[in-house]
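Chemist: Mind docking chain S on chain R? Use the hints.
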Amino acid sequence: MQVKVWGARGSVPAPGPHMNRYGGNTSCVQVTLAGGEELILDAGTGIRTAGIDLQRGRRIHILLTHLHLDHIQGLMFFPPCFRADTEITIWGPASPEASLEDRIARYISAPLSPVEVRELPCSVSFRDTPVTEWELGGATIRAEAVTHRGPTLGYRLIDGETTLAYVPDHEPALGASLAALEPEWISGFDLARGADLLIHDCQYADDEYPAHAGWGHSGLSDTLTFARRVEARRLLLFHHDPLHSDEFLDDFGATAKQAWQTLGRDATELELGMEGSELSVGPPVPAVHA
Amino acid sequence: MSSPRSQKPLELILARNLLTSISTPAFLLDADAAVVFYNEAAAAVLGRSFEEAGRMSSEQWTETFGPFGKDGAPLDVDGMATTEAIRAGRPAHGTFTIRAANGERISIEASAFPIVASEHGSSGAMILFWPLSENGGGG
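Chains R and S supply the protein sequences, listed in that same order.
Going left to right, the first sequence walks through residues 1 to 290 as my numbering numbers them.
Going left to right, the second sequence walks through residues 1001 to 1139 as my numbering numbers them.
Just chain R, same shape as in the assembly (with noise of 0.2 Å):
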């Protein structure tokens, strides 16, 4: 399984001289399956450079976490959805007061937008996400809801024996003891489990978290925490504060790797998640015994 990030930034699009390495999109992560087949996961405004290089007349499947702005805000922009070749279809989560379709049609129509849902030319379809598991393209899909401020999934995508795990917004400290918990009361926890690459929310530094408790996103050690009981294989850092400057993010990784270490594992098994990084991602390599 192939995984590149086209956008790693929280919240609202942070562009900018000091942010440029590590991106100021919002999120966006494609998944090449080992079958050739591609997903999207989530419509931040790092979709669009994500459409770009999509082959012309391929079915894409965009899985969304939630409707935040900071996760749909490129679909109206994603160059894909003005060819009239190509299906699209946008799975999400579902919601007793309106259709998907309808909800994100409150973004993609006046006066928010110059075109309508109905005017794009691709093949649009909306899906709620099904409660049990289900098949893409060769992979074996689970949506569950997680903490965060509103209807919000996580996802876990199973090809072959590798697992990716995506949480990108995510609190599963809020009000809960994530070190001494039951695993069974931790949001999130069976999505997680084993994963072969984690890919979580961390959007504030420790000393940042108390002010924004609540806001439905993590911190540095709770996500250290959350990723050492699910046992994930490695982790990736995501959703970084707009705040957030390079700089600041670059001593923020090297304090990450320290705790890391501190919890018993590998530095090298952590990283942040970084706009165009491209990682490689397969089950453990089992021991060879002489």
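Keep in mind the hints are simulated off the structure, nothing from the lab.
Just so we're clear, the structure is a prediction, and the values are computed from it rather than from any experiment.
Derived DEER-like restraints, expressed as beta-carbon distance ranges:
{"#": "1", "chain 1": "R", "residue 1": "F82", "chain 2": "S", "residue 2": "A1117", "range": "34 to 40 Å"}
{"#": "2", "chain 1": "R", "residue 1": "A211", "chain 2": "S", "residue 2": "H1093", "range": "36 to 42 Å"}
{"#": "3", "chain 1": "R", "residue 1": "E161", "chain 2": "S", "residue 2": "N1102", "range": "51 to 57 Å"}
{"#": "4", "chain 1": "S", "residue 1": "D1032", "chain 2": "R", "residue 2": "R149", "range": "25 to 31 Å"}
{"#": "5", "chain 1": "S", "residue 1": "S1021", "chain 2": "R", "residue 2": "D53", "range": "45 to 51 Å"}
{"#": "6", "chain 1": "S", "residue 1": "A1088", "chain 2": "R", "residue 2": "G276", "range": "53 to 59 Å"}
{"#": "7", "chain 1": "R", "residue 1": "Y107", "chain 2": "S", "residue 2": "D1078", "range": "46 to 52 Å"}
{"#": "8", "chain 1": "S", "residue 1": "A1117", "chain 2": "R", "residue 2": "E135", "range": "21 to 27 Å"}
{"#": "9", "chain 1": "S", "residue 1": "D1078", "chain 2": "R", "residue 2": "Q2", "range": "52 to 58 Å"}
{"#": "10", "chain 1": "R", "residue 1": "S99", "chain 2": "S", "residue 2": "P1131", "range": "44 to 50 Å"}
{"#": "11", "chain 1": "R", "residue 1": "P210", "chain 2": "S", "residue 2": "S1057", "range": "36 to 42 Å"}
Even for Gly, the Cβ is constructed at its ideal location relative to N, Cα and C.
Modeler: What follows is chain S alone, placed relative to chain R:
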């Protein structure tokens, strides 16, 4: 590699987080009416922590803590109006007698709120209770 679902529904997780953070005695039922959590304030009334007691089926709960009628006999929880209301997805309120771990009988007033998820229906109920003082007011 697929994995079995063992996790509690998010709405129960959030309810537990809330109950953990408040000083009103409260417990949490799952969709099978088992007591899956009660908070420290409830533990102070019951005389036993949840960590000691663990998950209890409705039968185990009734046998241990009640509720009991005015005559002191255990109530048939299944037949109670409050139980029927919760099962129907409605809130309920009532006055009961429970028995703490030390055997002391305590009158309580309880309000139950069903937890119904849009995705998969009933997940359980959250029950807040107040010990009544001897003159009948909230203690």
